[in-house]
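2 protein chains.
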Amino acid sequence: MNGAAALDRIRIVLTRTSHPGNIGAAARAMKTMGLGHLVLVRPESFPDPVADARASGAIDVLEHARVVGSLEEALHGTVLACALTARRRELATPARWAHEAAIEAAATTAAGEVALVFGNETSGLSNEELALCQVPVMVPANPAYSSLNLGAAVQLMCYELRMAAIAPGEAPYQSGQPASFDEVEGFFGHLEQAMIGSGFHDPANPRRLMARIRRMFGRIRLEREEVGILRGLLAALERKT
Amino acid sequence: MNGAAALDRIRIVLTRTSHPGNIGAAARAMKTMGLGHLVLVRPESFPDPVADARASGAIDVLEHARVVGSLEEALHGTVLACALTARRRELATPARWAHEAAIEAAATTAAGEVALVFGNETSGLSNEELALCQVPVMVPANPAYSSLNLGAAVQLMCYELRMAAIAPGEAPYQSGQPASFDEVEGFFGHLEQAMIGSGFHDPANPRRLMARIRRMFGRIRLEREEVGILRGLLAALERKT
Chain G
1 MNGAAALDRI RIVLTRTSHP GNIGAAARAM KTMGLGHLVL VRPESFPDPV
51 ADARASGAID VLEHARVVGS LEEALHGTVL ACALTARRRE LATPARWAHE
101 AAIEAAATTA AGEVALVFGN ETSGLSNEEL ALCQVPVMVP ANPAYSSLNL
151 GAAVQLMCYE LRMAAIAPGE APYQSGQPAS FDEVEGFFGH LEQAMIGSGF
201 HDPANPRRLM ARIRRMFGRI RLEREEVGIL RGLLAALERK T
Chain U
1 MNGAAALDRI RIVLTRTSHP GNIGAAARAM KTMGLGHLVL VRPESFPDPV
51 ADARASGAID VLEHARVVGS LEEALHGTVL ACALTARRRE LATPARWAHE
101 AAIEAAATTA AGEVALVFGN ETSGLSNEEL ALCQVPVMVP ANPAYSSLNL
151 GAAVQLMCYE LRMAAIAPGE APYQSGQPAS FDEVEGFFGH LEQAMIGSGF
201 HDPANPRRLM ARIRRMFGRI RLEREEVGIL RGLLAALERK T
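Order-wise, the sequence lines are chains G and U. Quick note on the numbering used here: the first sequence kicks off at 1 and runs consecutively. Quick note on the numbering used here: the second sequence kicks off at 1 and runs consecutively.
Derived from the structure by calculation, the hints contain no laboratory data. Just so we're clear, the structure is a prediction, and the values are computed from it rather than from any experiment. No false leads were slipped in.
On the chain U side, residues computed to face chain G include the following (Cβ under 7 Å): (1) A29; (2) T32; (3) G57; (4) Q155; (5) L156.
By construction, the Cβ of each residue, glycine as well, lies at the ideal position given by its N, Cα and C atoms.
Only chain G is shown next, with the shape it has when bound in the complex:
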């Protein structure tokens, strides 16, 4: 399963969250990445206006959040539970980095529902909670200060999940129509003639200068309109000289 359907099969589980602001931040982080299923295990305060404020435009994620009494209940019906853990522990299961875990989690949605579990802000997940999950996950972080904010950790994981489930596609190239080979060559020919005509360019030793000019304009990746502008400028300058 891939795309938005994969993200729709992933639930974010926050256990024993102390600060309602972090619940709101998590909801916002989820929605920016296309996730919508939030499960709260015994939150200290929920619903809470502080959560609503931090959720900003993701208030619908909070409205649809399920509040449950135990992590077992939160994981009911899942085929995979990944547990975010900040510190290295004596684990029976090998931990995975966030990037690899997200790829596995997204792929596993083909088999059923998947959960990502985040512990309390101060104490993290208890050993009992961790034992209910199959894959411990770590975010690569500064060993001298690895204390990610809960909302930030949710943001990172949801980003990696989106990256794993939905290829972002072509870079968002926002410029105009690229110039064709012939258009660019037409410009180079025009430019060379103009340089010769102006006396700037010695046709007896043409190689080095044109190579530099090609290298420079090659990096820009000229657009059709830009070629038109440059040739118009050249024509104007030629008329003047």
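Fit chain U to the known structure of chain G by using the hints.
This is chain U only, laid out in the frame that chain G set:
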């Protein structure tokens, strides 16, 4: 340039930030990923106790932050400036996705200092600010709700920068010493004998059962201690039968 030295050549620039809490969140996000250089262009309120509170253990990043009067000043001495932009614009320069931009930014530290520029929470970067940067960067996000919190955007970019500059290395495998080939084979031999001895296993048709057992234990990647436990259990069961 790579590793921590690369991250040390990257500055995070926040322009015209409205909420001091977001400055604190950015500082914390930076430090968790090993970045330390924060530059603030005309922040609405700084220093501010709200920023200090949100920075948590990253208060040193705030203490060393530079406050400047213009983006030009903030970018002084850089060889590359990447500008985070949430919306698609008519850009002269093609935008890059966060992942690719981080790879380019980390690589460019070999040539000098690099900046990542984040605009105001509501209005983003002005066209004038954007024009001072070479690479517009977009975070892949939910097209229906792409409104990342400023601190969350800084967290994502710093994470991608760390991933680009410092390979996280081997997955943090936290279990004990893996069992050797001979130890695992010794266990399989022991198990087979025990299965035959118990009548569970028909040695006239041994293939399929042992293959399934090998497949199962192969996935577990047994540790030395676990082999000891399993063989101890087998020995105990054999004594009983």
